[in-house]
Amino acid sequence: MMTLSGRSVQVCKTAFCSLLQVGRKKVDCILRKKKQNNSAPPLDQRGRHDNRPHKIHDDVKQYVRQQIESFPAESSHYSRHINPHKKYLSPLLNLTKMFKMYLEKCKAENMPEKFTQIKKCSYVHIFEIEYNLSFGEPKSDTCSTCDANQQTEEHRENVSLGFELQKNDRAYARESNKACFVTMDLQQTMPLPKMTTNKAFYLRQMWFYNLGFHIISGSQKEFAVFCTWTENVANRGSDEICSSLLTLLEMVDTLKGKDHLIIWSDSCAGQNKNWQLICLYQLLIEKNVFKTIDHKYPEVGHTYLDSDRDFGRIEKVLRKHGNIYTPEKYREIISTASRNNVVLDMTNHFRDFTNLTSGLRLINRKKDLLGLKVPFRDLRWIRVEEYGSYLFKQSFLEFEPFRKVNILRNGATTSCEISSVQRLEEHAGILSGEKINDLQQQLLFVPEEFKWFYDKVIKGNDAKVRDGKTKKNSKRSRVMGAEEM
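Counting from 1, position 113 in the sequence shown corresponds to residue 113 in the UniProt record's numbering; the numbering is continuous, with no gaps.
Careful: at least some of the hints might be erroneous.
What follows is a set of in silico ranges between Cβ atoms, one per label pair, in the way DEER data are often shown [claimed, not checked]: (1) 466 <-> 91: 47 to 57 Å; (2) 287 <-> 463: 34 to 44 Å; (3) 412 <-> 131: 52 to 62 Å.
It should be emphasised that the hints constitute simulated quantities derived from the structure, not laboratory data. Don't be surprised by glycine CBs; every beta carbon is placed ideally from N, CA and C.
With these hints in hand, go ahead and build the complete structure from the sequences.
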């Protein structure tokens with residue numbers, strides 16, 4: 001029956017199917033179900049069968065997951081707050097190599113044939129869908145604004161101003177005999193031991209740190225100084241950055257007798273933009289090491305630091321070396337990457353800054369002289385030219401005035417109680433138990449002539465653990481003879 005102009009009209013089955021554009025089979029199926037008093041639509045039964053010959057078994061998927069999770073992965077040191085769940089595998093790895101190692105593992109463990117029948121595309125699918133992993137160092141210094149295609153005129157202007165100001169500062173340092181231009185940055189961490197054997201990819205290595213300073217001063221040829229240390233000696237926080245800067249000022253004659261120090265670096269709060277660094281600048285000004293210190297921070301992802309180019313030359317040479325077993329070999333490579341490179345071993349040069357703030361009679365005030373909050377994270381320019389205060393700007397605009405912050409304690413005089421920063425007697429760095437176990441396993445692949453170094457590291461770390469030290473409380477240690485600035 002069909003409804004036409006409000007009345008029911010009987011039509012044949014062919015006309016009914018033609019008018020409603022349905023097949024005869026569907027009509028027959030509906031009629032049959034209606035006669036059975038079962039007119040509700042059934043559940044979708046498509047795909048509910050067990051005749052998929054190439055389906056990946058659950059135990060195979062779990063074995064793939066276990067192999068992927070066996071590779072050491074680390075979170076970003078810089079962008080942890082942006083990508084808290086993102087982790088990074090060794091830069092020497094890739095998916096092709098991981099899949100090849102998976103097949104080798106199946107063969108070595110005599111796994112059934114179904115474990116080796118998995119295709120690379122299925123392996124990659126599990127890796128990409130189930131894990132938030134990437135290879136190499138995180139691109140923490142990329143610009144999030146540009147990555148999101150949200151550039152504004154103000155953002156582009158800040159980038160351009162930073163580039164031009166950095167260029168002008170270089171020229172100023174070359175022309176003046178009383179100014180020096182310095183860029184500083186930490187290079188991508190380097191593993192010890194660095195080995196090409198597949199076994200090493202499943203194990204943790206100790207890190208070798210390299211803090212680079214690129215120096216321009218007067219008519220002298222520009223050069224680079226690299227402060228290096230290993231993870232068991234020290235960490236890579238504000239203590240290490242300040243210690244390296246002090247050592248640089250002590251050992252590099254080019255920086256002595258200058259009035260104006262200009263530093264450019266990235267904005268990593270734990271290293272280059274923090275209260276401790278401001279306190280160090282206060283000490284340098286109070287002791288007349290410099291008359292003015294400017295520290296400038298370009299837009300994230302648009303740094304264009306000279307240190308980055310220095311690191312590029314080093315990494316080009318590093319790619320030619322497959323196996324590296326000692327920090328001395330890394331230092332040799334850094335030194336030969338350019339004839340203008342100077343390498344410093346920081347092992348016995350780290351300082352104790354525990355009493356720096358109290359000794360200088362300073363207090364970390366959060367408001368400027370106008371009573372406005374100091375947006376420390378957004379600062380682009382910090383200037384110190386008198387003891388007890390600092391100036392700051394949030395951009396490189398010439399017409400933007402500096403804002404001043406008084407950091408001298410109430411009632412304190414302009415004379416500080418500290419005249420030196422003491423050296424640490426004991427190394428502050430400590431390795432985790434898991435990393436020590438992995439280093440012991442890697443000794444099988446280390447030549448006999450280099451094993452003494454790792455034996456020394458392991459024994460020294462065990463002694464620290466017996467003394468009750470951990471990665472959290474090992475930052476401060478006993479100190480020895482004072483170092484005068």
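Status of the hints after comparison with the structure:
1. 466 <-> 91: 47 to 57 Å: 35 Å, violated
2. 287 <-> 463: 34 to 44 Å: 36 Å, holds
3. 412 <-> 131: 52 to 62 Å: 54 Å, holds
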